[in-house]
Amino acid sequence: MSAWIFGATSRVGEALARHWAQRGYDIVLSARRREEAEAIASDIALRFRVRAHVLVLDATDIDGHEAAILAMAASSGAIDHAALVFGDMGDQEGSQADSAAAAHVINVNYTGAVSICETLAALMIEQGSGNIIGVSSVAGDRGRASNYIYGSAKGAFTLYLQGLRNRLHEHGVGVLTVKLGFVDTRMTWALQSGLPKATPEASAAAIAAAVERGENVMYYPRFWAGIMGIIRAIPEPIYKRLKIG
Amino acid sequence: MTDIWAEREVSGWGRVPRATMLCARADHPRDVAAALAARGGEPMIAHGLGRSYGDAAMMRGGRVVFTRRLDRMLAFDEASGVVRVEAGVSVEDLILAFLPRGFFPPVVPGTWFVTVGGAIAADIHGKNHHVAGSFGDHVRAIDILVASGDVVHASRDENADLFAATIGGMGLTGVILSAEFAMERVAGPLIDMESIKFENLDEYFAVNAESDAFSHTVSWIDCTTRGDAMGRGIYMRGRHSSVLGAGDPFDAGVVDDAMKLVNARPFEANWLLNGLSIRAFNTAYFNKQLKKRVAAQAHFKSFFFPLDSVRGWNHLYGDRGFMQYQMVVPDREAVREVLTEITGAGMASFLAVIKDFGATCNGGLSFPRPGTTLALDFPNHGAPLLALMERLDRIVATAGGRVYLAKDARMSRDTFREMYPDWEAWRDVKERWDPNHHFQSEQGLRLGLCGGASS
Ligand SMILES: Cc1cc2nc3c(=O)[nH]c(=O)nc-3n(C[C@H](O)[C@H](O)[C@H](O)COP(=O)(O)OP(=O)(O)OC[C@H]3O[C@@H](n4cnc5c(N)ncnc54)[C@H](O)[C@@H]3O)c2cc1C
Ligand SMILES: NC(=O)c1ccc[n+]([C@@H]2O[C@H](COP(=O)([O-])OP(=O)(O)OC[C@H]3O[C@@H](n4cnc5c(N)ncnc54)[C@H](OP(=O)(O)O)[C@@H]3O)[C@@H](O)[C@H]2O)c1
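Going line by line, the protein sequences match chains A and B.
Start counting the first sequence at 288; every next residue gets the next number (our numbering).
Start counting the second sequence at 34; every next residue gets the next number (our numbering).
Next comes chain A alone, as it looks inside the complex (with noise of 0.2 Å):
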């Protein structure tokens, strides 16, 4: 058995890694950067007596994907679940000034996520088995002022998981989207919010009991279907008009 991180570095994704270690699954830890990776490794090989394995990738590295998840694949056997966990929010003030930084947010939340998770879909199609996770946000779902460059590219990263799981069902090939609201991590620390912020480790749990059910789209915490059902439901002239954090 094995899982799969792409961005193990964030607490979200070590989180993962950990539930799924902690359950007996060989891990693959993906990260731009090799030294904290292996401290990863090291750790969750240690805590759980799994094999722990670190592949370095760049999200943005587009060219690079392929080659080096083969390469891995064939080393470590069989993909079980491959959920992809990195992300940038970027500053939306810059990416409004600098098309270049609203680009690289674009490449890493959206283009590199659709480049990984091709090579993925061709490898499970081959093996008729696993599942595809895909982080997303709820920043997707409807476009804001504060965050739309990240908010698009999660928005369409949402939209390509629908199609590659309108794609892969026949295949045996499962997709999980993960719309996160806040979770307790490097990108609210500073977020000043009524609304509780989930712990890494319950994300995490809960992503992989939706894996186990089979669930194919997912808000955590939970209650962010119905905050976001609301949002959608506004009338655009009405939210056009409105200042949503």
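Because the hints were derived from the structure by calculation, they are not lab data.
Misleading hints may appear alongside valid ones.
Said to hold, decoys possible - Far from chain A, some chain B residues (derived; all Cβ distances over 12 Å):
#1 D36
#2 E75
#3 R102
#4 Y318
#5 K324
#6 D352
#7 R460
Claimed, not checked - Quick look at which bits of chain A chain B covers, simulated, 3 or more residues with Cβ under 8 Å:
#8 330-336
#9 467-478
Positions of the beta carbon are idealized from the N, C-alpha and C atoms, including for glycine.
Chain A is already provided as a structure; the job is to place chain B with the ligands on it using the hints.
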């Protein structure tokens, strides 16, 4: 970019003082370096699991960096038991990972919710101090981020001055990023133990004198009775059992599991722990054990960490918080004087613990030295409590003893200097590595260990 700094309320375990200050939380070692570089010229201090009682891990008007998420185990040698871990790894993490392999942390405090960084910075002691020394004695090397921004490898051979000053150094020499130390080999999760009732202080010393065969000793002592029964209590002594396996460390028994669900926060009230309820508890606890001597096999969790089963028990003291007074004195008469002073003051201590330390003494700001240590919790009575503690300080200082910095929130600078004669030599080392005092805590400022320019 999201900001790495955010306002958070910070306090020690006693919840006095507590205040809001700018904090960062490190996910990786690089984040600690980034925080140091971007601290806006203000001083900074590390904060682990916040189990020190007072103001050691906080800094109003400065910055705090949380290290708890630096929690990776980096290397382990099954043959020697030597482990290398990031500084935010907790004693709980270590036990859960290594007890199934037959290893236990060399020294553990009365709670497993402490980080390795905090264990080194306070040079913590356990029930086995008389045979194993303190945590620092087992540390072979550390990697520490110092004021220059460099990560320095320090051990007894390399950068030995920094290494020694960091053990017990209360975070003031830099932020420990990782540490290497030897774990102790054990057979399983059980402890062979005996509890012996003692009727007064003399009897405590008598039982202690004949307990050499036990690697772990500690006693609960009733600080509410005066006269002949002053210092009565229960002496607990034990050792890791040679009984193999016997369940895994996750299985702490039904009672423990039920206790886990108990959360003290809803009970928070200033009146809950008052003189009356404290006296009643102490009497009930003393009378619970009917026989003079009881031998039993205990699970390590109830032997080492009995309080951990009530989550957030520090909230039982209510909003006013509480303080702990822990001191060590080289002679028995001073112990008696301290007890007399406390029982006479009518400020009951809910939990009091007494233990004799062994011979090892690490110098610098490290607390343990040969003698008897007594630790007492007090609801925060305000001025009368502070006055009592001042009187206790006098007795302790006169006897050549000292107060534990990890428990301290109020000691005066003069008293501290009297109790820790090595302070000047320690400060010289601090200033060699941190000339502009980038690392400061409220406690360090109060005690005159740091202060001055930070830039
Ligand atoms: C119920 C209970 C029982 C206890 N029993 C004992 C006992 O039996 N024996 C004993 O010795 N102590 C005992 N203690 C005290 C406790 O062991 C120490 O205070 C320990 O330092 C707490 O670790 P922490 O991770 O919570 O550190 P914190 O309280 O967060 O910090 C303590 C100090 O360590 C520094 N520090 C933390 N991490 C780092 C780092 N990475 N680098 C540099 N400095 C750092 C901080 O700056 C601060 O000065 C007990 C505490 C409680 C609450
Ligand atoms: N936290 C929330 O409330 C929240 C809400 C909605 C959605 N999300 C999503 O949840 C996921 C996890 O985020 P998080 O909260 O755990 O934050 P995080 O710690 O900032 O995680 C971001 C991760 O993405 C990686 N990454 C960034 N750029 C990369 C690149 N070019 N190539 C490869 N990896 C790259 C980062 O690697 P480095 O460590 O090397 O920087 C890091 O591992 C993200 O997809 C995020 O968008 C989070």
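Status of each hint after checking the structure:
1. D36: 4 Å, violated
2. E75: 17 Å, holds
3. R102: 7 Å, violated
4. Y318: 36 Å, holds
5. K324: About 42 Å separates K324 of chain B from the closest Cβ of chain A, which puts it past 12 Å; holds.
6. D352: 23 Å, holds
7. R460: Non-interface label stands for R460 of chain B: nearest chain A Cβ at 34 Å, farther than 12 Å.
8. 330-336: holds (count 3)
9. 467-478: Since 7 is at least three, the answer is holds.
Figure legend: structure checked against the earlier numbered hints; hints not met, in rising order: 1 and 3.
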